[in-house]
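Using the hints provided, position chain B relative to the given structure of chain A.
Order-wise, the sequence lines are chains A and B. Numbered continuously in our numbering, the first sequence closes out at residue 953. Numbered continuously in our numbering, the second sequence closes out at residue 121.
Hints may contain errors.
[As the list claims (entries may be wrong)] Quick list of in silico lysine-lysine cross-link-like pairs, DSBU-like style, CA-CA up to 35 Å: (1) A:K906 with B:K109; (2) A:K895 with B:K59; (3) B:K59 with A:K905; (4) A:K895 with B:K109; (5) B:K73 with B:K59; (6) A:K895 with A:K905; (7) B:K109 with B:K73.
Since the hints were derived computationally from the structure, they do not count as laboratory data.
For reference, the chains in residue letters:
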Amino acid sequence: AQSVTQLGSHVSVSEGALVLLRCNYSSSVPPYLFWYVQYPNQGLQLLLKYTSAATLVKGINGFEAEFKKSETSFHLTKPSAHMSDAAEYFCAVRAAGGTSYGKLTFGQGTILTVHP
Amino acid sequence: DTGVSQDPRHKITKRGQNVTFRCDPISEHNRLYWYRQTLGQGPEFLTYFQNEAQLEKSRLLSDRFSAERPKGSFSTLEIQRTEQGDSAMYLCASSLWGLQIPATNEKLFFGSGTQLSVL
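This is chain A alone, in the form it adopts within the complex (with noise of 0.2 Å):
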C-alpha cells in the first residue's frame, strides 16, 4: 500500500532562511506525490505535484521539490522563507487502484513556523 511519513510535526525558521520540509514514501508502484498547504481557516491547496515527468517540481509561492527514487523522498523545499509561509504542509501520494487521481493517502502533516 502507498504511503507517506513526514518527518518532523513542526519545523521553525527565521524569516529569509531555507524551508526544508521532509517527506518519505512507500509505494509498491510508481508514486503519484503530492504537497499541499493548510492555511488557518482555509481548505487545503495543492503547491505541487509529482507525475513521473521531471524530478524536480516547481510549485507556487517560490515552492519546489524533488523526486528522489534512490532516498523514496520528496522534500519540499523554499530558499527565503516569509512570513505568509506560516501554515500547515502536508505530503501525499495518490492511493492504489482504482481510476481517480483524487483518492490520496497523506502524512501526517507539518507545521510551519516563520519569526522574524
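Leaving out everything else, chain B in the frame of chain A:
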C-alpha cells in the same frame, strides 16, 4: 468560481444524535470527495462520487455513515448515532474529470471543512 462550500462550519452534538453535513462543489466539477481529518493527522479518504454515482467507499465509512449526491451537484454526508470517535474535521473536495483531461491532471479543490464535536 466561488470555490467549494461546506455547511455548517462547526457542529456540536451529543453522542447518539444524527448529523448531516452539506458540500457544494465548484459548479462544473463532476467529481466530489469526502475526507476526514482528526487532530494531528492528515486527511483520510472516505468516499467519492462521479456525478451521482458513488464509485468508492473506504473501510473507514462504517454503516453509520452515508453519503449521497442525488443530482450530481451538492452532496450530503450523514452520520447516524454519533460517537465521540466521530469528532473530526470533515473535508469535501471537488474536481473536474473527463476523457479529454489527462488523469494525472485531476486537481482537487478543497472546502474549509465542517468541524464536528461529539460530546
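Each hint, compared with the structure:
no., hint, result
1, A:K906 with B:K109, "holds (24 Å)"
2, A:K895 with B:K59, "holds (33 Å)"
3, B:K59 with A:K905, "holds (32 Å)"
4, A:K895 with B:K109, "holds (16 Å)"
5, B:K73 with B:K59, "holds (19 Å)"
6, A:K895 with A:K905, "holds (15 Å)"
7, B:K109 with B:K73, "holds (22 Å)"
In summary, the structure agrees with every hint in the numbered list given earlier.
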